[in-house]
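Heads up: the protein sequence lines correspond to chains Y and X, in order.
Count the first sequence with the numbering used here and you get residues 1 to 112, in order.
Count the second sequence with the numbering used here and you get residues 1 to 114, in order.
Any given hint could turn out to be false.
With a cut-off of at most 27 Å between alpha-carbon atoms, the simulated DSS-like pairs for lysine-lysine come out as follows [claimed, not checked]: (1) Lys99(Y) <-> Lys45(Y); (2) Lys2(Y) <-> Lys42(Y); (3) Lys2(Y) <-> Lys11(X); (4) Lys79(Y) <-> Lys42(Y); (5) Lys11(X) <-> Lys57(X); (6) Lys111(Y) <-> Lys11(X); (7) Lys45(Y) <-> Lys79(Y); (8) Lys111(Y) <-> Lys42(Y); (9) Lys2(Y) <-> Lys79(Y); (10) Lys2(Y) <-> Lys45(Y); (11) Lys99(Y) <-> Lys42(Y); (12) Lys45(Y) <-> Lys11(X); (13) Lys99(Y) <-> Lys79(Y); (14) Lys57(X) <-> Lys42(Y); (15) Lys70(X) <-> Lys2(Y); (16) Lys79(Y) <-> Lys11(X); (17) Lys57(X) <-> Lys45(Y); (18) Lys57(X) <-> Lys70(X); (19) Lys11(X) <-> Lys70(X); (20) Lys70(X) <-> Lys99(Y); (21) Lys99(Y) <-> Lys2(Y).
Simulated from the structure, these hints should not be mistaken for laboratory data.
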Amino acid sequence: RKEVEQDPGPFNVPEGATVAFNCTYSNSASQSFFWYRQDCRKEPKLLMSVYSSGNEDGRFTAQLNRASQYISLLIRDSKLSDSATYLCVVNGGKNQGGKLIFGQGTELSVKP
Amino acid sequence: DAGITQSPRYKITETGRQVTLMCHQTWSHSYMFWYRQDLGHGLRLIYYSAAADITDKGEVPDGYVVSRSKTENFPLTLESATRSQTSVYFCASSEQQGANSPLHFGNGTRLTVT
């Protein structure tokens, strides 16, 4: 089982749609969680951290379920500019030196 | 503006040659990382460094060597390049490792080994 697994995608949605991405992680000792965004052929950039109580940043909402070892990202009112690959990132816990582990990413394509 | 820069952006080399990818950051971040990104595998950690003169292996270190003589530089060397090392390489830095300390990535080096 991979340490961080994401929906395979791609997700093709119309502008204005709401789309949700899911991510599961295997290490129960993980304590930090992030969503990164990667545009085609460019470097990943931090989209948002994920906090235990859930957090929102504009149209983006991140949720964490520690019991199920599950993270989600919800994008409301999708824009064409949201088209990118979204990477779920989890720190590996102390037994892995706290290193960040990346999921393979979920590709989102927002169409007019 | 301060940042993290990688060079070269593109590199084509032959099997068996030694090649070094450069990474330089101006934030004085303690931690630096090298990742490779391949279709079907996502980003995989090659090596990382917690400070000058401290380096450690990541998930896929075989065939690579790193050094960190200065905080701002973290070069990655392929001792004898193989076709399986054709990939996009990203360098990254952070103030801390893991908790509440995001990674800042360079814009990548696309390496082709023929």
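Within 27 Å, alpha carbon to alpha carbon, are lysine 45(Y) and lysine 11(X)? The given pair, whose Cα atoms are some 23 Å apart, holds under the 27 Å limit.
Given the hint that lysine 57(X) pairs with lysine 45(Y), does the C-alpha gap stay at or below 27 Å? With a Cα-Cα distance of about 23 Å, the restraint between lysine 57(X) and lysine 45(Y) holds, given a limit of 27 Å.
Do the alpha carbons of lysine 11(X) and lysine 57(X) lie within 27 Å of each other, as the hint requires? holds, 24 Å
Hinted pair lysine 2(Y) and lysine 79(Y), Cα distance within 27 Å: violated, 31 Å
For the pair we were handed, lysine 57(X) and lysine 42(Y), check the Cα-Cα distance against 27 Å. Status holds; Cα separation ~25 Å.
Just to be careful, I want the Cα atoms of lysine 99(Y) and lysine 2(Y) compared with a cutoff of 27 Å; is the pair within it? holds, 15 Å
Hey, lysine 2(Y) versus lysine 42(Y), does the alpha-carbon distance stay inside 27 Å? holds, 24 Å
With a cut-off of 27 Å on the C-alpha distance, tell me whether lysine 99(Y) and lysine 42(Y) pass. At roughly 22 Å apart (the allowed maximum being 27 Å), lysine 42(Y) and lysine 99(Y) satisfy the hint.
Under the criterion that the straight-line Cα-Cα distance not exceed 27 Å, is the pair lysine 2(Y), lysine 45(Y) satisfied? holds, 22 Å
Does lysine 45(Y) lie within 27 Å of lysine 99(Y) when you go C-alpha to C-alpha? At roughly 17 Å apart (the allowed maximum being 27 Å), lysine 45(Y) and lysine 99(Y) satisfy the hint.
Pair hint outcome, lysine 70(X) versus lysine 2(Y) [Cα-Cα no greater than 27 Å]: Measuring from Cα to Cα gives roughly 35 Å; hence the hint is violated.
Within a Cα-Cα threshold of 27 Å, do lysine 111(Y) and lysine 42(Y) meet the stated pairing? Holds - the C-alpha atoms of lysine 42(Y) and lysine 111(Y) are around 21 Å apart, at most 27 Å.
The structure shown violates the earlier hints numbered 3, 6, 9, 13, 15, 16.
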